[in-house]
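Undergrad: Fit the two chains together into the complex; they arrive one by one in their own frames, and the hints show the way.
Those sequence lines, one after another, are chains B and U.
Residues in the first sequence are numbered from 14 upward in steps of one, following this note's numbering.
Residues in the second sequence are numbered from 292 upward in steps of one, following this note's numbering.
A few of these clues could be false.
[As the list claims (entries may be wrong)] Below 20 Å or equal to it, Euclidean Cα-Cα: the simulated SDA-like pairs (lysine to any residue) are: (1) U:K566 x U:E341; (2) B:K35 x U:R340; (3) U:K511 x B:L103; (4) B:K35 x U:A368; (5) B:K24 x U:M438; (6) U:K395 x B:S27; (7) B:K39 x U:E372; (8) B:K35 x U:E341.
[Unchecked claim] Which residues of chain U face chain B? A partial, calculated answer using Cβ under 10 Å: (9) F300; (10) S301; (11) G346; (12) L375; (13) N378; (14) R468; (15) E470; (16) L509.
No lab work stands behind these hints, which were simulated from the structure alone.
Since the model is a prediction, treat every value here as computed from it, not as a measurement.
Backbone N, C-alpha and C fix where the C-beta goes; we use that ideal spot for every residue, glycine too.
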Amino acid sequence: MQLPPSDMRPKLSSRARLQTDKVTGKPIVLYPEGVLMLNPTGHAIVSLCTGDVTFQEMVAALAARYKISAEEISPQVADYLNRLRERNLLETRTEAGP
Amino acid sequence: MNRPAPRPFSLLAEITHRCPLHCPYCSNPLQLAAEAGELATADWKRVLREASELGVLHVGFSGGEPLQRSDLVELVAAAREAGLYSNLITSSLGLSRARLAELKRAGLDSIQISFQSDEELLADRIAGTAAHARKLRAAEMVRKSGMPLTINTVLHCANIGRLEQIISLAERLGAERLELANTQYYGWAFKNRATLLPTRAQIERAIPMAAAAKKRLLGKMEVLFVVPDYYSDRPKPCMNGWGQKHLTVNPVGEVLPCPTAHEIKSLRFDNVREKSLAWIWSESDAFNRFRGTEWLPQPCHDCEFREVDFGGCRCQAALITGDAGVTDPACQFSPHRKLLTEFVEASQKDGDETALKTGELLFRQNAVR
Numbered sequence: 014m015q016l017p018p019s020d021m022r023p024k025l026s027s028r029a030r031l032q033t034d035k036v037t038g039k040p041i042v043l044y045p046e047g048v049l050m051l052n053p054t055g056h057a058i059v060s061l062c063t064g065d066v067t068f069q070e071m072v073a074a075l076a077a078r079y080k081i082s083a084e085e086i087s088p089q090v091a092d093y094l095n096r097l098r099e100r101n102l103l104e105t106r107t108e109a110g111p
Numbered sequence: 292m293n294r295p296a297p298r299p300f301s302l303l304a305e306i307t308h309r310c311p312l313h314c315p316y317c318s319n320p321l322q323l324a325a326e327a328g329e330l331a332t333a334d335w336k337r338v339l340r341e342a343s344e345l346g347v348l349h350v351g352f353s354g355g356e357p358l359q360r361s362d363l364v365e366l367v368a369a370a371r372e373a374g375l376y377s378n379l380i381t382s383s384l385g386l387s388r389a390r391l392a393e394l395k396r397a398g399l400d401s402i403q404i405s406f407q408s409d410e411e412l413l414a415d416r417i418a419g420t421a422a423h424a425r426k427l428r429a430a431e432m433v434r435k436s437g438m439p440l441t442i443n444t445v446l447h448c449a450n451i452g453r454l455e456q457i458i459s460l461a462e463r464l465g466a467e468r469l470e471l472a473n474t475q476y477y478g479w480a481f482k483n484r485a486t487l488l489p490t491r492a493q494i495e496r497a498i499p500m501a502a503a504a505k506k507r508l509l510g511k512m513e514v515l516f517v518v519p520d521y522y523s524d525r526p527k528p529c530m531n532g533w534g535q536k537h538l539t540v541n542p543v544g545e546v547l548p549c550p551t552a553h554e555i556k557s558l559r560f561d562n563v564r565e566k567s568l569a570w571i572w573s574e575s576d577a578f579n580r581f582r583g584t585e586w587l588p589q590p591c592h593d594c595e596f597r598e599v600d601f602g603g604c605r606c607q608a609a610l611i612t613g614d615a616g617v618t619d620p621a622c623q624f625s626p627h628r629k630l631l632t633e634f635v636e637a638s639q640k641d642g643d644e645t646a647l648k649t650g651e652l653l654f655r656q657n658a659v660r
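So here's chain U without its partners, still in its complex pose (with noise of 0.2 Å):
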């Protein structure tokens, strides 16, 4: 790659993959780091100080549950003194008054909860643990210390048909922005799939709402929803193109142009123990292999729609076709797209099906070794 590489906008920094909850919908890798292998903390300051100096605007602290690491609060104050804006993505599990005090102290600048479902029963069958309730109080906490708030529900069949009330719950708890998103069908997600996936008259039903909620909250509360793609045409502009935007670096310190990209075998990811965050962004060949567009295969190479979603996900395309290089599967100009259709069909359940059915489901089991 000649061009010099671009200039990369947010960091996530997944710092652990311990975590609380037990979601079927996970989509970290089956395997996860154990807290013996994590990044030390000033590993983890070097890191938010290099992805500074390389143009990264925005942070977010996620996981696994970020809480569960005791230098978090250095960690965000390593963030603001780097001029990085930064997000708490979290279950809220572990955050007390206290801990939220000092988090303010530090700089941190907003907070995001996630939300199983807007009712506790469905909630924390969801969860796989008692959460909701702690939830509730958590996300009253973050209003009252005025942080702003955003709201992430991971929706499928259990709980899209809840759409409506899911929206109201983020009003009534005073959340700026409002995350209803569609699960993502990688790592320990997959698995779960075929339980997971909402049915077509789901979706149908819930894209008016979304949109109405929008439309009537401008100004008030952002509200993002994406049609997934498992029922889209189109597939979804892969982090706004490969090694474009974004970086993520794992527990360990591996650097991932996507947070699933470990998905795609043939990838070796470098570590930030080893090499400068820059050298990995324009030099590692994880990054490069899938930047630009002239990589592109057909029928992508000579598509109208390449600037647009760039051949879709990488971590789609190995995942479901065994090969990382070729148009994503959700793309229905792909040959591959009676792969996903087939699935789709095949699970089409009927009304009362989309009830949670909590023994087909595969619940994480978190154990860290």
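Just chain B, with the same shape it has in the complex (with noise of 0.2 Å):
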């Protein structure tokens, strides 16, 4: 798996919304015609894509927050991304923040 450029600032897509899911009380993406249900790690990212945190920081903050390295985690985060880029949910930059 290859990173993302460590400056990359993952913003969820405006056709997606965030939200709580009235039945099993658990967060939710809604995009046109699908929806992700998230888990625990699912929801954290997806709660930094927000455009002002880039790839690097928001490894380092999952790192803190679930305790294992960097390294470790920064695979899988991409890969979270990666999958989600793929359904057309994330809008990406690496120029630098608002």
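TA: Pasting the structure below:
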């Protein structure tokens, strides 16, 4: 798995909406004709896809939260972001944030 | 049915049958609902709340042309308030800049615009009215507003040869999703099926083209194309199971397990004016008749694919064989498959004959009484 540029700032696409599912109480991402039911890790990643946080910062935050090394967690984060990107749910920018 | 009903995920709100287009492939019923019989605003708002309480996550506002309803903005706001993800399924005729801004403020999440083809002359001939240029302007307006855009093109013999150009148009318009929807032969479209059916050669050219576009545009534009069941060995998994994930409410308030369930004359549909959506979903005969796999006839009952396609499409079984309870005739194992195969063979045309012969098509008149 090739890692994204460390200064990439992933942002959840405007076509996607993160909310709490009324039935299960769990976080979900809604998009045209689709839904992602998020597990806790997925929710943590998606919550950081604000367009302000770089990939490197995201990995550092998640590594601290789950008490594992950045090296170990970064391929998993990259893989998850890639799956979001393939569903066209991610805008990725590498220029400086706002 | 003793098992508790499953959770529905999507609601198709057909808020009106009124429509400015006259498409010969329309799958709405032959007899359209008149404006006077349409559900009132308050009824629709209740339906949206009840749907959300049942677990529904997506609502598609459709029709007919949903923009014909003057209370659309209010309904979109009610959907948003109920936490539903809303999609406006429209021809775009009637979408002004001001109305788009209002819809966006009300919380509309996405817009799907139909295109009849990529080029104006053919597109307008199919729509039966001068719509294409207006659709181009509307699509641009939607993109500029930042609203996610889906393009939907219904395919048939007259436009499937332009698949590549249709895909390019969707890319140019900045669509995030492209539905290349083969005509479904129900309702009005069934009258025109001999004229509309693509040839086998056309389908064989279209399949790799759509697959290549899907791959090339991954992460940029979602491309959907399903091989039409008249040309497939396997039936479509009807609504991912009858009464499993979806409900449709039609303009007069009847609740249907699928948008074309009116084809099944032996079913009676309960109405939201009289019953709650929850009751209709879990208790009504229409939703329970074909729910699950226990009711399945042979050869479905013992078939290894029974949890894959659930016996296929009930409406097609009713329309082609007269019995909604038999295996979908699109299935290679159906004793009725020859009815479709013979029709397909009889409808093969030479290359030149795939040009649209408007003289042979029956256009919708849409007279609303």
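Undergrad: Now look at each hint and say whether the structure bears it out.
TA: Each hint tested on the structure:
A C-alpha spacing of about 11 Å is found between K566 of chain U and E341 of chain U, which places the hinted pair at or below 20 Å, so the restraint holds. For the proposed pair K35 of chain B and R340 of chain U, the alpha carbon gap of about 12 Å is at most 20 Å, so the pair holds. Straight-line distance between C-alpha atoms of K511 of chain U and L103 of chain B comes to about 10 Å, which keeps the hinted pair within the 20 Å bound. At most 20 Å may separate the alpha-carbon atoms for a hinted pair to count; K35 of chain B and A368 of chain U meet this at roughly 18 Å.
Taking the CA atoms of K24 of chain B and M438 of chain U, the gap is about 16 Å. The hint holds against a cut of 20 Å. About 12 Å separates the Cα atoms of K395 of chain U and S27 of chain B, which keeps this hinted pair within 20 Å; it holds. Proximity of K39 of chain B to E372 of chain U is assessed by CA-CA distance (about 19 Å); at most 20 Å being required, the pair is judged to hold. Proposed proximity of K35 of chain B and E341 of chain U is supported: the alpha carbons are some 12 Å apart, at most 20 Å.
Hint on F300 of chain U holds. Least Cβ distance to chain B is approximately 7 Å, under the 10 Å limit. Annotation: interface hint on S301 of chain U holds; nearest CB of chain B at approximately 8 Å, less than 10 Å. The closest approach between the C-beta of G346 of chain U and any C-beta of chain B is roughly 5 Å, which is under the 10 Å cut-off, so the hint is satisfied. Interface restraint check: L375 of chain U against chain B, minimum CB-CB distance 9 Å, threshold 10 Å, status holds.
Taking 10 Å as the C-beta cut-off, the interface hint given for N378 of chain U holds, the closest approach to chain B being about 6 Å. Checking R468 of chain U against chain B by beta carbon gives a least distance of about 6 Å; that is within 10 Å, so the hint holds. About 9 Å separates the beta-carbon of E470 of chain U from the nearest beta-carbon of chain B, less than 10 Å, and the hint is met. This hint holds: L509 of chain U has a C-beta 6 Å from the nearest C-beta of chain B, less than the 10 Å allowed.
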